[in-house]
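Novice: Model the full assembly from the supplied sequences, consistent with the hints where possible.
Protein chains in written order, with our numbering: chain S, 1 to 235; chain W, 236 to 551.
Honestly, I wouldn't trust all of these hints.
Unchecked claim - With a straight-line cut-off of 16 angstroms between C-alpha atoms, the simulated EDC-like cross-links for lysine to aspartate or glutamate are:
| id | chain 1 | residue 1 | chain 2 | residue 2 |
| --- | --- | --- | --- | --- |
| 1 | W | K462 | S | D104 |
| 2 | W | K462 | S | D108 |
| 3 | S | K69 | W | D543 |
These aren't lab readings, by the way, just hints derived from the structure by calculation.
Nothing here was measured: the structure is a model prediction, and the numbers come from that model.
The lines below spell out each chain.
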Amino acid sequence: MMPSLEAPTGGAYLGPRVRVRGAVFGYGTDSPIVDDWSAEFHPGTVTAITGPSGCGKSTRLYLLGLMVKLTAGAVEIDGQRVDHLSDAARSRIRAWRFGFVFQDAALDPTRSVLDNIIEASLYRNQSRREAAQRARELMDRFDIAIPPDRRPGQISGGQAQRIALCRALLGEPDILVADEATGNLDPRSAATVLEAFREHAVTGGCAIVVTHDPTVAGWADRRISLDPLHEGVSA
Amino acid sequence: MDQQGTRTLVIQSTGDSPLLATQLVDTIATIPLVETVVGFGPVRDVTAAALPDGTRVGARLAYGVIGNVQATPRTPNEATVQLAWLSMQASRTLGLPPGAGTIRIIDGPEYTVAGVVTPPDYLQSFEPLVVIPTPADPHGKASLSTIVILAKSPEDVAFLGKTVAPLLSELPDENVSLSSSERLATLRQAIGGELTKQARVIVLAVLAISTAISLVIVWGFVLGRRKDLGRRRALGATRATIIALVVGQVALTAALASTMGALFCTATLSMLNTQIPRPSYVMAVVVGLTATAALAASVPATYAANRDPLHELRVP
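Specialist: What follows is the structure, encoded as structure tokens:
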């Protein structure tokens, strides 16, 4: 059965928002990058996935985001298996349930800031006017005081990442994932991004942050360490 | 070859007096394969009325349509007014201004020049052309010595000849001849077929080369946009959306480019006074090129849609 695109309301489901069980993933004949990985991500919490470079942190994030097909194992959202669904179904889940913040903002340099923010609304069949209205509200909320028609090449890195945050939050997702989202930011911009993640969790969302920054990891509610020396989950 | 009259049939009476009546022109004009038909009377010399000793030009009574001139009086009044139409060459030869002046048949009446007649290609051999519209012949009388028929297509000439021949059956064989451009038309068809074959090869070659070039360009375009496409996939775009995006952008660009190219070529051909291709042909070329570009784009678009977003987002 395909899971609902809408986040669950009321108290019907009390388990983890996202659960991965025995996930195996690798490219070609190489040994798997992710081998028999299991984890749970709950609503109302910020979870940090930490570990040294090359240990597969980002791969796990994209795996949770249904962007890659598992070799073995399963990914569940609200208790329903979703990793085996068709590409179109997984894409719809990404568009409706997930908000992504990438390491380098990943904005389209050929389009305006406003168009970048509302881009994902196209994949949700949301009206442009409604999306633009919500985008302006988010720009105010994150103190992005630049004209909406400005291009990404004309703004700072901190502003670009806050715009990427607006894009991720535009569809009011219940799962927010970030791949080293604060890695290249000044302390003030980094604090803004982290506060947004905290607020998302406080309002019942599930936030998952990949980081190698011990400060960010320490700030999270839960940590999943992929370091071979300190592997495990801590709260 | 068309200027040589590959679509014409000519009926001629060779006796001392004209044998062809205007009713024959009217009958032939009703045949669906006929584009136009005109009858001419015997040639009579004319000069400019003011220069009776000036240069002489042959004038013909005419019945039917000659290029821009309806050489058929439409009302009884028109028939009584003595009017003539001169080609530019005829006016120059007679020393008259274009479309104006007065001419006189040697030892005959005067005619006011009512305008300029532009002889079509198949009547070029009649230049310098002076036509005097003649009314329909009364019953039992014939005023025409030559009837020129223009078929709609060279392919129709042979059949048209067989259709017209019975209409001449009551006229004496020895004094009436029907000649057609059938051999020229056959030759034209053969050459046309060869040209069509060559054109087809050229069009196919152009489409094949366009496809290959489009493929390379779009592939480069896709590789240059790997991160953009990866981001779109991560944000929720389906594979079909990515394919539609890439193919749509390429098709739109190709449609605009080929439309502009077609307009430019048409304008250039027009300025060079060369025959312009039919609009349907131009449209077919535009659609063909657009479809070719879209088809070529679908391969790299599918490649782009199936790339792993995880990899693409890591492109620096």
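Novice: Each hint: holds or not?
Specialist: Here's how the hints hold up against the structure:
1. W:K462 with S:D104: holds, 11 angstroms
2. W:K462 with S:D108: holds, 9 angstroms
3. S:K69 with W:D543: holds, 10 angstroms
When held up to the earlier numbered hints, the structure conflicts with none and fits them all.
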